[in-house]
Amino acid sequence: MRQERISTGSYDLNKFLFGGYETDIITTIYGPAGCGKTNFCILVAASQAKKGNKVIYMDSEGGFSVDRVKQILEKNNQETEKVLQNILLLKPISFAEQEQDFEILLKHVKKGEVSLIIVDSMVMLYRLELGDAIKSGEDEKIKEVNRKLAGQLRKLNEIARKDNIPVIVTNQVYSEFVNSKDFISQKERPVSMVGGDLLKYWSKCLIELTNNKGKKTLILRKHRSLPEKEIQFEIVNEGIKRKGWI
Numbered sequence: 001m002r003q004e005r006i007s008t009g010s011y012d013l014n015k016f017l018f019g020g021y022e023t024d025i026i027t028t029i030y031g032p033a034g035c036g037k038t039n040f041c042i043l044v045a046a047s048q049a050k051k052g053n054k055v056i057y058m059d060s061e062g063g064f065s066v067d068r069v070k071q072i073l074e075k076n077n078q079e080t081e082k083v084l085q086n087i088l089l090l091k092p093i094s095f096a097e098q099e100q101d102f103e104i105l106l107k108h109v110k111k112g113e114v115s116l117i118i119v120d121s122m123v124m125l126y127r128l129e130l131g132d133a134i135k136s137g138e139d140e141k142i143k144e145v146n147r148k149l150a151g152q153l154r155k156l157n158e159i160a161r162k163d164n165i166p167v168i169v170t171n172q173v174y175s176e177f178v179n180s181k182d183f184i185s186q187k188e189r190p191v192s193m194v195g196g197d198l199l200k201y202w203s204k205c206l207i208e209l210t211n212n213k214g215k216k217t218l219i220l221r222k223h224r225s226l227p228e229k230e231i232q233f234e235i236v237n238e239g240i241k242r243k244g245w246i
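Reminder that position 135 of the sequence shown reads as 135 in my numbering, one-by-one numbering, no gaps.
Note that these hints are calculated values from the structure, not bench results.
Listed below are the simulated DSS-like cross-link pairs for lysine-lysine, each with C-alpha atoms no more than 30 Å apart in a straight line:
hint : residue 1 : residue 2
1    : Lys15     : Lys50
2    : Lys216    : Lys243
3    : Lys111    : Lys204
As the structure is a prediction and not an experimental result, all values here were calculated from the model.
Start from the sequences and build out the full structure, keeping to the hints where you can.
So, in structure tokens, the structure goes:
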């Protein structure tokens with residue numbers, strides 16, 4: 001049986017991922033600021049909403065742009081408005097609000113109204129909350145913050161597997177400390193995802209984006225049926241375009 005997939009919104013990305021994003025898993029797109037993570041999210045959201053499918057888009061970083069949707073769709077304002085009506089935008093500004101928005105998300109899923117879930121980003125508000133907990137030196141608070149993030153990921157995994165709803169989340173990265181003599185270039189400097197093993201465990205597809213002096217690369221780090229591979233890409237008005245196969 002062929003694994004179900006949804007379109008990424010880009011012909012080149014669909015070809016690269018052998019049909020698009022898988023429907024019954026969490027796909028994590030991670031990388032540094034400015035590498036294109038939000039563009040990938042808006043692209044797939046617009047693609048699904050255009051087909052009349054309902055999308056939940058949790059935007060914790062304020063990156064969702066109506067103007068960007070218009071660029072991708074190349075539609076007039078009236079037609080764009082119809083597409084935007086299929087996107088439920090949630091905008092938490094604290095980790096506590098992110099917890100509350102997950103309850104809203106679950107209610108819509110139970111009603112059978114959702115075809116795609118996007119969380120951009122999964123970890124920004126968690127990172128701020130964890131930082132406060134570490135500063136306070138309260139071990140129990142640190143554990144509680146980590147438990148809440150794990151609980152959110154568990155809920156997303158259950159939705160993906162039981163309801164066959166694709167889940168796309170983004171994640172930030174940080175550079176690991178190494179002696180400057182130990183690496184040749186910034187591209188080779190090791191990076192780690194915020195949240196570490198939590199995101200790696202719950203995500204069956206890991207996509208790393210890099211941006212080396214304007215040269216953007218997508219690296220498929222983990223997939224259930226595809227090998228690790230890379231593609232260079234550029235962000236254009238209509239979405240994402242291949243620059244060259246590696």
